[in-house]
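J.: Sequence:
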Amino acid sequence: MRESLVIIMRMTFGAWRPRVSLGCLIIAGGCLVKWVGGAEPCRIWDTFSDTWVATDALGRVVPTHAEVGAPRADRTVGIFYFLWHGAHIQGGPYDITKILAQDPEAMRKPDSPLWGPLHAPHHWGESVFGYYLTRDESVLRKHAQMLSDAGVDVVVFDVTNQITYKDDYMALLRVWSELRALGNRTPQVAFLCPFWDPAKVVRELWRDLYSQGLFADLWFRWDGKPLILADPALLSERVGNEKRNTPTELLPGHSIGQSFVVSEQFARVGACFPTWKTTNACITLKLFKDGPGGEELGQQRFTNVQDNDWCYLVFRNPISPGRYYLEATDVAGRIGWWSHNEDVFAGGSAYADRAVVAGDRAFRVFTASAETKRILDFFTFRKPQPDYFRGPTGPDQWSWLEVYPQHVFTNSAGQKEQMSVGVAQNAVGNRLGSMSEPGARGRSFHKGAMDNRPDAVRYGLNVSEQWERALSEDPRFIFVTGWNEWIAGRFAEFNGVRLPVMFVDQFDQEHSRDIEPMRGGHGDDYYYQLVSYIRRYKGARPLSSIKPAVISIDGEFDDWRAVEPEFRDTVGDAVNRSHRGWDRSVTYENRTGRNDIVAAKATFGEKEFFVYVRTCAPLTPPGGTNWMVLLLDVDANSTNAWLGYDFRVNAFRPSEGESAVERWESSGWRRCGTARCKFAGNELELSVPWSALQLGQPPATIDFKWTDNCFKTGDWTDFTLNGDAAPNDRFNYRAILH
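Using this note's numbering, you'd call the opening residue of the sequence shown number 1 and step up by one each time.
A hint or two may mislead.
[Stated by the list, open to error] Straight-line distance between alpha carbons at most 20 Å, and here's what the computed SDA-like set of lysine to any residue pairs gives: (1) Lys225 - Gly253; (2) Lys383 - Thr76; (3) Lys678 - Gly624; (4) Lys289 - Lys383; (5) Lys383 - Arg221.
No wet-lab data here; the hints were simulated from the structure.
Everything numeric in this text was worked out from a predicted model, so none of it was measured.
Construct the complete structure from the given sequences, taking the supplied hints into account.
T.: Structure (C-alpha cells):
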C-alpha cells in the first residue's frame, strides 16, 4: 500500500457510523474501508477471490480448495497483454466476423470496400467492453480486477514490434497504482521485447521507466530483480555488416571468413548461417587476432544449426580493440555464410580459404557501454524463444506460445522454470502460418485435429490440452497467451504463402487467442476456464464455515462484529465510464456506478438467514428495483433458475423495514415472502425466513451475491458492465452453514 494512505483509529466521518470494536479504518481517495479484527490493519484489502465460487455458461464449475488443495506460493502465472489499442488506427473498427457475415466471399475480394486498408488493424470480434482504446480507465480498472481475481500474478506487455507504447503503459500503471492505493490487488508488469533486436526497446524502457524508479511496486521481479524478456546477448552496441544478398556455401575441407577492425572492447562476435532449410548442419567458428595467421583467441562448434541462425562466440573477458579475423570451417551437412557480393563494409574484407575475395560477410560484433552494463546488472533476463516448434536452445529461455506438446524451459540450475499455454496457434502443419489459412490451429484444435462440432469453439479444447500438459510438468511459471490482442493487420502474403486476404495472428472467433470476454460468441467461457486452471496450478484457500447467531435487525450493527468470515469485494470498482472508442464518433458512457460494495457477512438461526453488507460510502436513498439487491442460490444447483439464482431479496420494499423475497419461476420473479431490512450510513442488514426460501431447515450451503444498479440486459454481462456486483462478475460468495 502506498505511503500516501492515512491509517487512523478515530472513527468519525459525516454519516459514517462505525464502532471502534469493528477495527480501524483506511481512508483513500475519499473511500472508507473498515478493517475488521485486531489493531494492526492489513496492508492489502484481500478479497479472498480464490474462495469465490462460480459456474460458467457451459455448466463447468470452478474448483475450490477441496478439489485443488492449499495455495502454492512458488507457482506463478503470467498472461500476454496488449497495449496497442488506439496506436495504429487507420479507420474502422473493421470487424472481420461482421464483414464475413455481411459478405461470406469477402476473403476472396481484396478490393472489397468492407475491408480496411492493407496492413490496417482489423478486429477478429468485439470485446464485451466494445472496441475500446487502451487508455480507457474503466477498462484498465476492470482488467486489473478480473485478472487479479483469476489469480494472474503478472501481465507481460507485448513490445515485440519495436514500439514500447509508453503513453499507454504509463496510463495503465497510473490506474493500477491508484487501485493499489485503495488496498486492491493488481497484477504486476513485465515486458516481452523484440526477439532478434531488443536493444532499442530495452533502452527505452530503461530510460523511461526503470531507471526513473516509476511505479516500482508494480514491477514483476524474478530471482530478486525486475524481469524482462529479452536476449541479454543482443543488448550491447553492435557493429559489423547486416547487408546480405548471397548465401555462400561452405564445402568440406574449406574455410570462409571476414576480417574487421573494432575500436572498443567486445565480448561477442557472430555470423549468420544459411542451411537451406536443413537442420543437421554443423560448423566451427573461430576468432583470430590480426588476421588469418594470427593468434587464435577462441573457437566453438555449433551443431544442428537452423536455417539463418546467428551463432556467436562469447568471451568471458572482454577482447581489446584492434584488427581481427572471424573464420568458419569444419563443415558437416549443408551450411554457408550469408554474404554480400559487393564491398559494403569498409572496415574489413571477405575471405575464402584465407585469401581475400570480393564482397563482405554478414557478421556482428557487440561492444558494451556503461549504460548497457547497468541494464545487464539491473534485470533478470530470460531470452524469449519465438519459435512454436523448436523449444529451448539453452538455459534461461522462455516461450510465449508453442504447439502441443509444449516444451519445458529450464533455468541455468536445471529447474523446470517455465512453460507456455496458448489458446490457439497460427501454425499450419509444422510451419508458421496465418490464422486465416486452412489448417491453422484454432481454439477447437486438439488431439492433432480440429473438433468440428458447431459449439466446440466454446469449450477451449486447444488451451485445455495445453494446460493439462503444463500441469503434468508443473513448472514454476506458466505464461498464458493471451488476454486482449483482438486485432491483426490485413496482408496479402505471409511466410511464402499468398492469398487474396490474410490475417496472421487473429482472424475469427475460432482462430483467435484472447481470453478477455467477448460480446456474443463464447462470452466469458474462457475466463472461467482460466480461473479453473490457475486454481488447479496454484491451489486455493479453504473457506471456514459459519457459526449460527441471532442478529437483531435494528440498524445497529454491533452484533455483526463477531460473525466470520467476512466476504470482501474490490474497492472502487463501481462502474463509471466515459471514453471514446476506436471509432472517433463513438463514446462509451456508463454512469451506473453508485453504491460501491466492499464487504458482506452472513449467519443463520433456526428460523432465519441473516445477511449484512457494507459499502464504501453512505448508501444512496433506496429506489427502484436495482437498489442493493441480494441474490441467493439455495439448492446447490447453479444451472437452474436465473443464472443459478433461486431467489432475490430487496428489489422491492413494500414498506419501511421490509424487503420483498421473490422466487424465479419459469421466466420471471414472483413474490413469495417478506424479509426484515434496516440500513444506516453505509451498512445494511436483513433477515430472510427459511420458510420464504421454501426450506424447512438451513441447507448445507448458500451461495449469494449483492448487486447495486447492475440490471440492464438481464444476462451475465450486467455483473461485468454495470453498477457493482459483490463478488465480481459471475462469482458468488459461499456461506457454509454445516
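J.: Hint check: Lys289 vs Lys383, CA-CA at most 20 Å. Holds or violated?
T.: At roughly 30 Å apart (the allowed maximum being 20 Å), Lys383 and Lys289 break the hint.
J.: Would the hint linking Lys383 and Thr76 be met if the CA-CA limit is 20 Å?
T.: holds, 18 Å
J.: Below or equal to 20 Å on CA atoms is what counts here, so check Lys678 against Gly624.
T.: It holds: about 17 Å lies between the C-alpha atoms, which stays within 20 Å.
J.: For Lys383 and Arg221, compute the direct alpha-carbon distance and say whether it is at most 20 Å.
T.: Holds - the C-alpha atoms of Arg221 and Lys383 are around 16 Å apart, at most 20 Å.
J.: For Lys225 and Gly253, compute the direct alpha-carbon distance and say whether it is at most 20 Å.
T.: violated, 47 Å
Going down the numbered hints, you'll see the structure goes against 1 and 4, while the others check out.
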